[in-house]
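Student: Chain by chain, the residues run as shown.
2 protein chains.
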Amino acid sequence: MMNLYEVARFLEAHDNYDILTHAYPDGDTLGSAFALSLALAQIGKKSRVITTGIPSSFKYLPKLDEQEFETQTVVSVDVAADSLLGSNMSQYIGKVDLCIDHHGSNTFTAKAKFVDKFAAANCEILYKLFQRMDVKITHDIANCLYTGISTDTGCFRYTNTTAETMRVAASLMDFGCDTAYINKAMFETKTKNKIMLERAVYDTMKYCADGKCAIIHTTLDMIEKLGIGDDEMEGLASIPRQIEGVLMGITMREKQKDFFKISVRTNENINASDFCAQFGGGGHPAAAGCTIEGDLKTVTEKLVKAAERFL
Amino acid sequence: MMNLYEVARFLEAHDNYDILTHAYPDGDTLGSAFALSLALAQIGKKSRVITTGIPSSFKYLPKLDEQEFETQTVVSVDVAADSLLGSNMSQYIGKVDLCIDHHGSNTFTAKAKFVDKFAAANCEILYKLFQRMDVKITHDIANCLYTGISTDTGCFRYTNTTAETMRVAASLMDFGCDTAYINKAMFETKTKNKIMLERAVYDTMKYCADGKCAIIHTTLDMIEKLGIGDDEMEGLASIPRQIEGVLMGITMREKQKDFFKISVRTNENINASDFCAQFGGGGHPAAAGCTIEGDLKTVTEKLVKAAERFL
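Quick note, the sequences are listed as chains A and B, same order. Every letter in the first sequence is one number past the one before it in numbering that gives the first Met the number 0, and letter 72, counting from 1, is 71. Every letter in the second sequence is one number past the one before it in numbering that gives the first Met the number 0, and letter 24, counting from 1, is 23.
Since the hints were made in silico from the structure, they are not lab data. None of the values given here were measured: they were computed from a predicted structure. Ideal Cβ positions, reconstructed from N, Cα and C, are used throughout, including at glycine. Be aware that a few hints might be false.
Said to hold, decoys possible - Here are the computed lysine-lysine pairs in the DSSO-like style, where the Cα-Cα straight-line distance is at most 30 Å:
#1 Lys256/B - Lys301/B
#2 Lys183/A - Lys62/B
#3 Lys191/A - Lys296/A
#4 Lys296/B - Lys224/A
#5 Lys205/B - Lys224/B
#6 Lys301/B - Lys191/A
#7 Lys191/A - Lys211/B
#8 Lys304/A - Lys260/B
#9 Lys127/A - Lys205/B
#10 Lys94/A - Lys112/A
#11 Lys135/A - Lys110/A
#12 Lys211/A - Lys304/A
What the hints assert, rightly or not - To spell it out: a stretch of chain B is covered by chain A in this simulated footprint if at least three of its residues, at any positions, have a beta carbon under 8 Å from a beta carbon of chain A; those stretches are:
#13 38 to 49
#14 200 to 210
Claimed, not checked - Some chain A residues near chain B, calculated using beta-carbon distances under 8 Å:
#15 Ala208
#16 Ile242
#17 Leu246
This is chain A alone, in the form it adopts within the complex:
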């Protein structure tokens, strides 16, 4: 693995970059990609960002004009595994020169890597990288990096946030990033559809295991009636775990007729991954998933029984 100083020298030594984000891009992968592109431009390098389906809420991120060049170097940002590249990026698999990431679980195939699992966001790594290069943190770069850091930390709320994260964010604020705009767009704006969806989902809330488990669901019928797209379904899984006394929150989403995608979020040493393993799934201790076939009633009953045994 490279160290950050070596990454800086690598970027200075190469040119004509394709910068890859992961599929279903979020604030951290997009903020990283655009910030890197702007930084490379400052040192006279050409680059383009290769991504897929940027959610409209991220349209404010500053972008460079399209540049004509033949790709010589491929860099990925915030991509933890080959399978996480978009379907439009399959030709890059095995051809990535440098991978910059903050996922401890990183298995991405690349000729060189820099992975710092203690960084709350990939954008936190890039801030430190730019300090080791002849790159000025402009207003645009600060906006990109702040976006990545604030979104990956739930606005400094999640446990990945460190004192170092706070200090990097403070520096970005010194460089004039638009925290008011970004925080409002990222954390205080919901579409009307999202409000309708949350309302419908609240109506499905069930408690079991003496209130230690809460379950919500969406069905194909509900989604069709509400006219809601898949990209508006984000964030539902965090709803049931928020409730006082709930140790395990379960979200059931019907993806196809009688086929449910289950998301499990847990508090206080309840292992979500172990719970999901019973149904052939897995994940992290506090956030895991699985799929279960069956109609709403059958699948709910399976989960209730499993939860009551488990808790």
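Please build the complex by placing chain B on the supplied structure of chain A, with the hints as guidance.
Tutor: Chain B only, in chain A's frame:
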């Protein structure tokens, strides 16, 4: 007005403190009071915190054992006006020796004052104060101060958050404050009642002025049926303004039969205070209030008409 150095010398020169919070105490006034009490104990001073009705979510804040002493010095923390003291503190009005606050609008009656309106939280002031005294930031003090700073900034999301705020929070994290516990308790926990209330309130959502205004309400009937206390009604007012495209969010709460308390929250240069002035109310540009008499239908119609004229 004193400077911070003088405040530090004042606290060292006096003894036997009553520390006053404001009524309906929040994280910042409680965090300030308990932190000051712990700091004073370190330099050999006795103190007690005078407050009223600590919400159960703040029970984790570290408290000193009750001490016996005759009051010699009265200090208020985060109290902007005499009227904001609890009804159990009226005997202190006009007898406060030192007022430490961060409200630019401060009109509190005190013999000496330190007010810094650029501090995001009163606890941010106390952090800097303790650096000018022989006070060590213990784990307990760090927890108190982080609680005040995170709650008054919506976990670093509101526009009062500065680079300095982030750096103070970073230092508190260096001192080992329990950010995971505090953030979860403050920002990710809702009571079952709260969930029921939000669900009921979502069902009342109305849009007017081409979707630029959203209105929600609670009635005495709803609250009685749900069995919800007044302290669980916090935070409702932020719901309608969150919706994409909404410039003015109005929350109507029936406080007595046919008597509504109206909270108005606005975005992007829509002046909430001007809007409320039409009904004899007022407040800040982005957050204001008023009261209107009448039944639900009449009051709603009045607000809809006013909103359509105003936007």
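Student: If a hint holds in the structure, say so; if it doesn't, say that too.
Tutor: Now for the hints, and whether the structure bears them out:
1. Lys256/B - Lys301/B: 17 Å, holds
2. Lys183/A - Lys62/B: 35 Å, violated
3. Lys191/A - Lys296/A: 29 Å, holds
4. Lys296/B - Lys224/A: 29 Å, holds
5. Lys205/B - Lys224/B: 22 Å, holds
6. Lys301/B - Lys191/A: Given that 30 Å is the threshold and the Cα spacing comes to 24 Å, the pair holds.
7. Lys191/A - Lys211/B: 12 Å, holds
8. Lys304/A - Lys260/B: Measuring from Cα to Cα gives roughly 45 Å; hence the hint is violated.
9. Lys127/A - Lys205/B: Outside the cut-off at roughly 47 Å; violated.
10. Lys94/A - Lys112/A: 13 Å, holds
11. Lys135/A - Lys110/A: 28 Å, holds
12. Lys211/A - Lys304/A: 13 Å, holds
13. 38 to 49: violated (count 0)
14. 200 to 210: holds (count 5)
15. Ala208: 14 Å, violated
16. Ile242: Check passed: Cβ of Ile242/A comes within 6 Å of chain B, closer than 8 Å.
17. Leu246: 12 Å, violated
Going down the numbered hints, you'll see the structure goes against 2, 8, 9, 13, 15 and 17, while the others check out.
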